[in-house]
Every structure is written in C-alpha cells, then in structure tokens.
Amino acid sequence: MIALVNALGQATLRAFAGLGHAAYFFLDLLRYTPASLRRFGLVVDQIYAIGYRSLTIILASGFAVGCVLALQMYYALVPFGAAESLGLVVNLSLVRELGPVVTALLFAGRAGTALTAEIGLMKAGEQLSAMELMAVDPRSRVLAPRFLAGIVSMPILAILYSAIGILGAWLIAVQLIGVDPANFWSIMQSKVDVMRDIGNGIVKSFVFGVICTGVALYQGYETQATPEGVAYATTRTVVFSSLAVLAMDFILTAMMFSTS
Amino acid sequence: MNSETFIQIDHVTFGYDANRPILNDVSMQFARGKVTAILGGSGCGKTTLLRLIGGVYRPQKGRVVFDGEEVDTRNREKLYSLRRRLGMLFQFGALFTDLSVYENVAFPLREHMDLSETMIHDIVLMKLNAVGLRGAAQLRISEVSGGMARRIALARAVALDPEVIMYDEPFAGLDPISMGVTANLIRRLNDTTGATSLMVSHDVQECFAIADYTYLMAPGGRVVAHGKPEELNDSTDPEVRQFIRGEPDGPVKFHYPAAPFAEELGLPQ
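Chains F and A are the protein sequences, given in the same order.
Mapping of the first sequence onto the numbering used here: position 162 corresponds to residue 162, and the numbering continues sequentially without gaps.
Mapping of the second sequence onto the numbering used here: position 54 corresponds to residue 1054, and the numbering continues sequentially without gaps.
To be clear, the hints were calculated from the coordinates, so they are not data collected in a lab.
Please read these numbers as outputs of a predicted model, since none were measured by experiment.
Among these hints, one or two may not hold up.
[To be verified] Among chain A residues calculated to face chain F with C-beta under 10 Å, some are: (1) R1051; (2) R1076; (3) L1095; (4) D1098; (5) H1112; (6) A1209.
We put the CB at the ideal spot given by N, CA and C, even for glycine.
Let the sequences and hints guide you as you build the complete structure.
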C-alpha cells in the first residue's frame, strides 16, 4: 500500500515537473518571439513551409466537409421546411467550430509532426548544439520564427478552410440540389455577425495555432536524440495537440457563445 | 596556471547523473597557440570535456578557466561572448542540412558580424578555399561526402578566426586520404592563425603526428598520462602501452563486467 502511494506521489511529482518545464519553455518561446520579427526572412520561409505547404490538405478537407455538411443539413432541415436556413447553418458550423477545430487537427498532423521531426533531427544531428556553441541561441534562431509562422498561418488556414467549405456547400446546395441562391447567401449576410461569429472563430484558430505550434516545438526540442525518440515525439505532438485543441475548444466555445 | 596556459581544467568532476561520474577529478592545461590532443577510448569523457570548456555543462566539482576567467554557465552574456572566441568541429560535422555549403560557412558571419554581402562572399570563399572546397560552395549538404562535410564544418568553425578551435574526433570514419588531408589542415590552420587547438580523438598515429602535447584518458574519466607524443610513445606504463599499441586486453578489460560465463550458461562449476 505504501509502495502504491509512493509510486502515485512520484508520478504526480513527475507530471507537475513536466508541466512546469513545458510552461517555462513556453514562456521562453514568447520572450524570444518578438525578436524573430527582426529575422523576417526566416519567418516568411517558415510560413511557406508550415502554412503554404498545408494548403492542399486544408482546402481539400474544407471543400469535402462543406459538401457533406450541405447534404446532411439539407436532409435534416427539409422535413421541418427550413431548407432556406441551410446557408446559415453551414456558415455558422464552419466559421465557429469546424473551421478552427478541423484546421487545427489537420495542422497538428501535417505541420506539427513536420516541425517536431525537423527539430528532433536537428537535435540528433547536433545542429542545435553546434548553434549553441557558435553563441547562437537555437530558441531565437530556430524555434521563435517557426512559432511566429505557426500562429500567423493557422488563422489564415482556418479562414480559407471555412471559405472553401462554404463554396463546397454552395455547389451542392445551390447547383446540385436547387436551393434558392439568393436565400443561401442573404441569410448568411443578415444573420452571421462579423465579430461574434467570424471574429471568435479567428480568435479560436489563433489560440489553436499557439497550442499546436508550441506543442510541436516543445516535443521536438525536448526529444530523445534517437530515431525512437523522434518517432515517439512526433506521435506525442499529434496526441497532445489534438487533446489540447479539443479541450480548449470546449472552454472557448463556452466563453464566447454563452447567451447570458 | 602560467601565462602560456590558455585553458585550464582544474580538478573537474562531472557526470550526467550523480551516481555515474564521466570525469573524475580531471586536471589539464592547454597551452596558448599549441595543438593539444586528448586521446582515449570511447566513453571516457573526451567529448564531455570539450562541452565543459564550451560551457554546455557545469562541473559538479572543480572549475574550467578560459583565458584567466572561470567559465560561468549561469551568466549567459559572458558565456556567449566566450563562445564567440571558440570554434568547434563536431564529430559528424553538425552542418545545417537546410542550408547550402556556402550558407553554412556564412552562418556565423551573418549571426555575429555586420558585414556587407560582398565581404561575406569573399570571406566564405577564402575559408572554403583553405579547406579545398571552394568549388563545392553551391552544393547542398546532402550532396557532399563525409570527408567533405568534415572540411566544410572546419571552414565554418574558423569563419570568425577563433582563438580556440576544438576538434571532436576529427578523423573518425574518414578514408586514409581524407584523414591525411584533415590532419594537415588542422596543423596548418593552427600554425597560420596562431589559434589554440584542442583535439579529441582515439586515432593515435594521426594525433601523434600533429600534436604538440598529449593527454591520455582512461575509462572512468581519469587522466592516465600526459606529455609530448614521443614521451607517451616511449612510456612503459601498461595502460598507456595498451592504448597506443591497440592491444585488446590489458589493464583496460575487453569484457564488460559480467558474471562467470559458465554460470550464465548453467554449466557445472
């Protein structure tokens, strides 16, 4: 029994120590990020690598989800005679929830794992140590530009996801099913609030950008410099980022869209 | 510590965890402007020693003195200004794989100097020319061989004309030609720049050929012997002789400590 309590205590202490270490790393990252604006070329390179190269998967997924959402919502709304609300339902689903959340999950899988593997392999190849010994702080040269690129890219990707999703929904609803196009667009125009709906969606995706990029960089930087270590770190990036995004989404939704 | 000593390791004890010391009460002195080789088998703490000099780790006991000042890993500003006076050649080059050969050598110049692009261009080509790779400037790191990578890393290490150059296993995994080229380069660079060179290696003959002074380390992180290469060559100490002659068994055992083999196989004693 004492051994069990002891093991539980040790595990708790380790968990808190790990959290403290991650928090310290994150604060450090925030401290170095403004300075990375002076290395704007590096940030642009990373926006290309992280953001632009994620476009295919984001756009394809957004389009597919928009199409399916339109179809499903049409089937659900028609029995109630509410097919004219289709545009609104699709728009709100995408800009409030699916856009930020699915983009973040895809980002964690596509760009997060790439970041973790890249930093992990740089560590394994002693590139980070070499930088340190050249009196160049890897947190400032390697991590901060990637972090900034991640938090800039994520909201843009989420906006594009929602936009292409709405286009997909328009294609299915208006072109294929025959929903009135004026209805489809005008209800969006009248009922979707720029600040409350679109603005909050962008805030969400910004927070998710911080989470996904921060987790990916932390896992890469703290990885065991072995092939197994890098493989394990990339897996943890996806798992931790996804769980954190889903948990944070619930908290943010409760805060942003409560009616009281 | 006399005025000729540039770096002093003063009774340093260090381990990655408290129960397993890598270096055990090690004391060394590296003379200004000389090539000093630190020889020893794998795992005896040679590379750790270089990292202690660079302030990557802090000794658990003792101190590292660099040009009269103790290396203080807690003072980041002082540590970074010390590191700007150092150049290090890593065992496998540690070149930045996302940059070209040219950009790798230009890296420390861009980070630490405020030079025009023309000036950077000229310095990079001069450094690459010194290691015989001016023609490879535009290649990607994935396109160069192991020996070439080592020479590019050397060009990068001396890009800022450091006062101290540390070489971590500069001959490991090189073919005989590359090995000879690298050994010549190390000696020539030292003589022309007047830098203090520290070379960690287990290649006895190459080190003896170019070193002014040699330390021999043994498992457990101790210094077994030191002196000029010819003095170590003539040593009668069994541990020194075993290492220099490459004998499989002697004071340093071939077998890792284990239970009797017959016992492990379940055979009657």
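Closer than 10 Å between Cβ atoms is the bar; does L1095 (chain A) clear it against chain F? Give me holds or violated. Cβ of L1095 (chain A) sits 8 Å from chain F, so the hint holds.
Quick one, is the R1051 (chain A) hint okay against chain F at 10 Å, beta carbons? Where the cut-off is 10 Å and the nearest Cβ of chain F is about 8 Å from R1051 (chain A), the hint holds.
The hint names D1098 (chain A) as touching chain F; please verify it with the least Cβ-Cβ distance against 10 Å. 8 Å, holds
Answer holds if the nearest beta-carbon of chain F is closer than 10 Å to that of H1112 (chain A); otherwise answer violated. Holds: closest Cβ of chain F sits about 7 Å from H1112 (chain A), inside 10 Å.
Less than 10 Å between beta-carbons is the criterion; does R1076 (chain A) satisfy it with respect to chain F? 8 Å, holds
Identify whether the interface hint at A1209 (chain A) stands, where standing means a beta carbon of chain F within less than 10 Å of its own. Hint violated; A1209 (chain A) Cβ to chain F Cβ min 27 Å, cut 10 Å.
Hint 6 alone, counting from the list given before, is not met by this structure.
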